[in-house]
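Novice: As they're listed, the protein sequences go chains W and P.
Take the first sequence: its position 12, counting from 1, is numbered 11 in numbering that gives the first Met the number 0, and each next residue is one higher.
Take the second sequence: its position 151, counting from 1, is numbered 150 in numbering that gives the first Met the number 0, and each next residue is one higher.
By construction, these hints were calculated from the structure, which means they are not laboratory data.
It should be emphasised that the depicted structure is a prediction, and the values quoted were computed from it without experimental measurement.
Ideal Cβ positions, reconstructed from N, Cα and C, are used throughout, including at glycine.
Any given hint might turn out to be false.
[Stated by the list, open to error] Here are the simulated SDA-like pairs of lysine to any residue, each with C-alpha atoms no more than 25 Å apart in a straight line:
id, chain 1, residue 1, chain 2, residue 2
1, P, Lys-112, P, Ala-67
2, W, Lys-170, P, Asp-107
3, P, Lys-99, W, Glu-175
4, P, Lys-121, W, Gly-156
5, P, Lys-162, P, Ala-211
6, W, Lys-171, P, Ser-116
7, P, Lys-33, P, Arg-49
8, P, Lys-130, W, Arg-55
9, W, Lys-150, P, Lys-121
10, W, Lys-84, W, Ser-15
11, W, Lys-170, P, Pro-97
12, W, Lys-171, P, Lys-99
13, W, Lys-23, W, Arg-55
14, P, Lys-36, W, Met-173
15, W, Lys-131, P, Ser-126
16, P, Lys-33, W, Met-173
17, W, Lys-86, W, Ser-165
18, P, Lys-130, W, Ala-22
19, W, Lys-131, W, Lys-150
20, W, Lys-170, P, Glu-124
21, P, Lys-80, P, Val-102
22, W, Lys-170, P, Lys-121
23, P, Lys-110, P, Ile-39
[As the list claims (entries may be wrong)] Examples of chain W residues toward chain P, derived with CB under 8 Å:
id, residue
24, Ser-66
25, Asp-72
26, Leu-87
27, Leu-92
28, Glu-93
29, Gly-114
30, Phe-155
31, Gly-156
32, Leu-169
33, Leu-172
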Amino acid sequence: MMENLREIIEALIFISVEPLTTAKMKEVLTDVPEPDIEQAVRELVTRYESSNGAIRIIQTAGGYVFSTRPVYDPYVRRLLQIERKKKLSVQALETLSAVAYHQPVTQAEISAIRGVDSTYSLHTLLENKLIKIVGRKEAPGRPLVYRTTEKFLTYFGLNSIEDLPSEEELKKLMEEENT
Amino acid sequence: MITTEFEPTPAQDGYQVKLQIFEGPLDLLLFLIKKKKINIHNIPIAVITREYLEYLSHKESINLDREAEFLLMAALLIYIKSQMLLPREQPIEPDVDPRKELVDRIVDYQKIKAACSVLREKEDEMSQIWKRTALTAPFPEEDLDLIEVSLFDLAESFFTLMKRKQSESQRIIKGKEISMAEKTNEIVVVLKERGFLDFLEYLDAQETLEEALIAFFCLLELIKARLVVAIQEQLFHTIKVWLRKDA
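So that you can see chain W by itself, here it is in the shape it has in the complex:
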């Protein structure tokens, strides 16, 4: 393995504006075998994770990015003069999870699942770029079809859509709640 491979990758992640994917790393490090890159990334992540520093590397939306630890949130907010990060409203969150689990999906389908007209919530989510229009359904009226975006993944710290709790996990949660 290249002697300073970990440090090279560290530099690449550091300067990236978007989460840096292993595919992108491979483009830069053409002559390094893939398993080596993956191992170096793992080591790098563990090194930050096991240190007591304020910084760590998180995996999100399929890539790696530097982030602060939660303890330092109040100070960062003071620097950026942000009182509290905005949270999604209950309606928006409900609509969003309905889209996430049923995508690709239309407005009528979402409204049926929730039992509530969801036009407005979908509009808000579109504005916030948490969902996107991916086309039209071949059905009467050719309604628009929605999907979640990459920003949806980063927003919730998910690596991919498969990271969402599975049907079984949800069932378990529901049973816990019922008892």
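Place chain P on chain W using the hints.
Specialist: Using the frame of chain W, we list chain P on its own:
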């Protein structure tokens, strides 16, 4: 969203649920099912319908859109009850149970609610984490809601500045004279170095009123020549002047 004071008959339950917020009819049904500890796959429609209607009658605020959704569900409940009252020769089979469709919907909805609580936790976690990229904004992103400012906006902010400067500048002894060409050069150099400059701040930093005036005209010329662009990120925000990317 429905906000209301929901008080089930105290004699029955001995407790009150205040300010319960229900997202919609399914949310309300789910709440009633949990409250009555009902087995979701064998819902006593009569009981749940009574509770449901009671809630509707207790509701104070009326939102017509939402009202329709709640009433639609009430109608569905009564319809299901009537279906179940019809005399049958054989006992009800699970497949033709008139409740089945509604139960499926409630179960589906319950799943979404469970997913919501998971996502909310993740949102909380993420809200305390800051990515290194939080601060970088070298050039306004294309999708930012930018407003290109008009001549009137520029002139207006300039004149307010002039008034302020006028009172200060009386003691300034007339210094070197500066031409428009020199000033234009100076502005372009600053823009090339920094990418942008704050319109008011820049004019305010000029030594004399005369120089500020020249700088203002230079900026207007540059905007006219489409070499730079004056942009406001939002209404009433500071005006920034950017070198055009293609210039």
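Novice: Next step is simple, just say for each hint if it's right about the structure.
Specialist: To see whether the hints hold, each was checked on the structure:
1. P/Lys-112 <-> P/Ala-67: holds (22 Å)
2. W/Lys-170 <-> P/Asp-107: holds (10 Å)
3. P/Lys-99 <-> W/Glu-175: The hint holds at about 23 Å.
4. P/Lys-121 <-> W/Gly-156: holds (7 Å)
5. P/Lys-162 <-> P/Ala-211: holds (12 Å)
6. W/Lys-171 <-> P/Ser-116: holds (13 Å)
7. P/Lys-33 <-> P/Arg-49: Holds - the C-alpha atoms of P/Arg-49 and P/Lys-33 are around 15 Å apart, at most 25 Å.
8. P/Lys-130 <-> W/Arg-55: holds (10 Å)
9. W/Lys-150 <-> P/Lys-121: Satisfied, since the Cα-Cα distance of roughly 14 Å is no more than 25 Å.
10. W/Lys-84 <-> W/Ser-15: Roughly 23 Å between the alpha carbons, so the hint for W/Lys-84 and W/Ser-15 holds.
11. W/Lys-170 <-> P/Pro-97: holds (24 Å)
12. W/Lys-171 <-> P/Lys-99: Holds - the C-alpha atoms of P/Lys-99 and W/Lys-171 are around 22 Å apart, at most 25 Å.
13. W/Lys-23 <-> W/Arg-55: holds (20 Å)
14. P/Lys-36 <-> W/Met-173: holds (14 Å)
15. W/Lys-131 <-> P/Ser-126: holds (22 Å)
16. P/Lys-33 <-> W/Met-173: holds (11 Å)
17. W/Lys-86 <-> W/Ser-165: holds (24 Å)
18. P/Lys-130 <-> W/Ala-22: holds (21 Å)
19. W/Lys-131 <-> W/Lys-150: With a Cα-Cα distance of about 10 Å, the restraint between W/Lys-131 and W/Lys-150 holds, given a limit of 25 Å.
20. W/Lys-170 <-> P/Glu-124: holds (23 Å)
21. P/Lys-80 <-> P/Val-102: Holds. P/Lys-80 to P/Val-102 sits at ~14 Å (cutoff 25 Å).
22. W/Lys-170 <-> P/Lys-121: Holds, at roughly 19 Å.
23. P/Lys-110 <-> P/Ile-39: Holds, at roughly 13 Å.
24. Ser-66: holds (5 Å)
25. Asp-72: Holds, about 4 Å.
26. Leu-87: Holds. Min distance 7 Å.
27. Leu-92: Where the cut-off is 8 Å and the nearest Cβ of chain P is about 5 Å from W/Leu-92, the hint holds.
28. Glu-93: holds (6 Å)
29. Gly-114: holds (4 Å)
30. Phe-155: Status holds, d = 4 Å.
31. Gly-156: holds (5 Å)
32. Leu-169: holds (5 Å)
33. Leu-172: holds (4 Å)
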